[in-house]
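Each protein sequence line maps, in turn, to chains A and B. Residue numbers are given in the working numbering: position 180 of the first sequence equals residue 180, and the series is strictly consecutive. All you need for the working numbering is the position in the second sequence, starting with 1, plus 1000.
Just so you know, the hints here were simulated from the structure itself, not pulled from any lab data. Please note: incorrect hints may appear among the correct ones.
To be verified - Distance windows between CB atoms, simulated:
1) Asn6/A with Phe1007/B: 47 to 53 Å
2) Pro201/A with Ala1027/B: 30 to 36 Å
3) Gly1177/B with Val197/A: 19 to 25 Å
4) Leu125/A with Arg1130/B: 53 to 59 Å
5) Val193/A with Val1050/B: 18 to 24 Å
6) Val51/A with Leu1121/B: 54 to 60 Å
7) Leu204/A with Arg1208/B: 34 to 40 Å
8) Lys129/A with Ala1108/B: 40 to 46 Å
9) Phe1007/B with Glu120/A: 54 to 60 Å
10) Leu1012/B with Gly117/A: 55 to 61 Å
11) Ile1046/B with Trp50/A: 58 to 64 Å
12) Arg1201/B with Asp112/A: 22 to 28 Å
13) Leu1121/B with Glu120/A: 20 to 26 Å
14) Leu213/A with Ala1117/B: 34 to 40 Å
Only a predicted model underlies this, so the values are computations on that prediction, with no experimental measurement involved. A virtual CB, placed ideally from N, CA and C, is assigned to each residue, including glycine.
For reference, the chains in residue letters:
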Amino acid sequence: MSWDWNVVDDFMPRFWDGVLVTLQALAVGTLIAFALGLVWALAQRSGRVWVRWPVVAVTEFIRNTPLLVQLFFLFYVVPNFGPSMSPLTTGIVGLGLHYSTYTAEVYRAGIDGVPAGQWEAATALSLSKGRTWRVVILPQAIRRVVPPLGNYVIAMLKDSPMIATIGAFDMLGEAQTFSNETFTTEALTVVGVAFIVIAYPASLLIRALERRLVR
Amino acid sequence: MMSSEFFTTWFLPGIWVTVQVTVYAAALGAAISFGIGLARGSRYWIVRFVAGIYFEVFRGMSALVLMFWMFFALPLFGWQLVPMWAGVSALGLTYGAYGSEIVRGSLAAVSPAQKEAGVALNFTRLQRLRLIELPQAWPEMVPPFNNLLIELLKGTALVSVITVADMTFAGNLVRLGTNETTPVYTLLLVLYFVLAFLITRGMRLLERRAKAGVGQRPEKTGGSTRTSGARGERLPAGSQSAAGGTA
Chain A
1 MSWDWNVVDD FMPRFWDGVL VTLQALAVGT LIAFALGLVW ALAQRSGRVW
51 VRWPVVAVTE FIRNTPLLVQ LFFLFYVVPN FGPSMSPLTT GIVGLGLHYS
101 TYTAEVYRAG IDGVPAGQWE AATALSLSKG RTWRVVILPQ AIRRVVPPLG
151 NYVIAMLKDS PMIATIGAFD MLGEAQTFSN ETFTTEALTV VGVAFIVIAY
201 PASLLIRALE RRLVR
Chain B
1001 MMSSEFFTTW FLPGIWVTVQ VTVYAAALGA AISFGIGLAR GSRYWIVRFV
1051 AGIYFEVFRG MSALVLMFWM FFALPLFGWQ LVPMWAGVSA LGLTYGAYGS
1101 EIVRGSLAAV SPAQKEAGVA LNFTRLQRLR LIELPQAWPE MVPPFNNLLI
1151 ELLKGTALVS VITVADMTFA GNLVRLGTNE TTPVYTLLLV LYFVLAFLIT
1201 RGMRLLERRA KAGVGQRPEK TGGSTRTSGA RGERLPAGSQ SAAGGTA
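With the rest of the complex left out, here is chain A (with noise of 0.2 Å):
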């Protein structure tokens, strides 16, 4: 109907504030998702069935549950019995929780795809199981996981807004404030478009370093 440019203006010194919240949670999680993501995939590798067993049904459970769910279990159910954590802090810990158990998908593709002359060669040198892992196995893996990684980190980030639903003040959780207070609805197609802003460079510069990195 009418779009007010003025609007858009008043919105904006609060839409950088959601754009950092938003990159902060981004980055944070994205920085649990690797790292926890590899402990998973490593786990799902162990020789014992007590370890194996646990962690493939817990990261299947997480993969197979919504996110939105899992942030209102972290945010109300957790505090009962364990820390309470303010809504951003939950929010990045169930983004990267919840994307840790993709990100330990990629790594397990990625060690699988590593040649098994390369594990014989490790035997055959006498390496020690760490060193097997750290100097042959991974060194290799890590380089066909990075382009499906950056997809997940795009993905991770169109997810973000659901932070919002928790109260954190994110791109989303701004906009709607705003939206809520001058009875507008500029800044949800603001926040919409700056999605896609910057997803798309994002994804196109995944797809450079794909073609770099894989072969």
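Following the hints, put chain B in place on chain A, whose structure we already have.
Positioned in the frame of chain A, the structure of chain B alone reads:
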């Protein structure tokens, strides 16, 4: 503990609403997947271009933001959607964009010799698609579509934010009403997991039938969603089922 009355008035209908939203959004998403997926392999650059724009826009958009926008901003442009349909269309549009990549990829993976054989037999473009390419691409599409369907199921939780009374919404009501958060949210998570499990079982069945249709046997895979990469992400070479295909 939540009262049984509450359970029957909100929670059970909530499960039904979640199922409905999933089914409707999946139907819309499937239509868009095939429409856009086929268009992206079109001969005409303008069709490819428009389909590509659709794909990039809706893949780059956050489903939740789109849903909010459809619910709050679209009415001001003179289009008032019922919350449920705002949710369904936002999910269908987004996941349809992801799905179009699956359709495009699987069609591209059909061996060129098959298409050439169709040309040699003087089939029209449509006949080739219907009789040669789609039947062979279909078994390759089923596993990634399974993953996407589970993503969609998880995505339906978002509709609770725009006041659709699905099971997450019911869970939030229970929290507001009784403050009994632990059983409610645990139950919710388990319910979603069970639904995802049922979807996987159903899709496995579909996969077996689809593969049997072209004389293949499904690969053995453990767990429920072992091959990820459903949302248009690419996995390392060799792990994506849509790309390789068996000869």
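Status of each hint after checking the structure:
1. Asn6/A and Phe1007/B have their C-beta atoms about 49 Å apart, which keeps the hinted 47 to 53 Å range intact.
2. Between Pro201/A and Ala1027/B the CB atoms are about 33 Å apart, so this pair conforms to the stated range of 30 to 36 Å.
3. At about 41 Å, the CB distance of Gly1177/B to Val197/A disagrees with the hint of 19 to 25 Å.
4. Evaluation of the 53 to 59 Å hint for Leu125/A and Arg1130/B yields a pass: the beta carbon distance comes to about 56 Å.
5. The beta-carbon spacing between Val193/A and Val1050/B, approximately 19 Å, falls within the hinted interval of 18 to 24 Å.
6. The hint said 54 to 60 Å for the Cβ distance between Val51/A and Leu1121/B, and at roughly 56 Å that hint holds.
7. As the Cβ distance of Leu204/A to Arg1208/B is approximately 38 Å, the hint placing it in 34 to 40 Å holds.
8. The beta-carbon spacing between Lys129/A and Ala1108/B, approximately 41 Å, falls within the hinted interval of 40 to 46 Å.
9. Evaluation of the 54 to 60 Å hint for Phe1007/B and Glu120/A yields a pass: the beta carbon distance comes to about 58 Å.
10. Remark: the range hint 55 to 61 Å for Leu1012/B to Gly117/A is upheld by a beta-carbon distance near 56 Å.
11. Take Ile1046/B and Trp50/A: their Cβ atoms lie about 59 Å apart, and the range 58 to 64 Å holds.
12. Checking the proposed 22 to 28 Å range against Arg1201/B and Asp112/A shows it holds: the Cβ atoms sit about 25 Å from each other.
13. In this structure the supplied range 20 to 26 Å is violated for Leu1121/B paired with Glu120/A, their Cβ-Cβ distance being about 48 Å.
14. Distance hint for Leu213/A and Ala1117/B: a CB-CB separation of about 36 Å, consistent with the stated range 34 to 40 Å.
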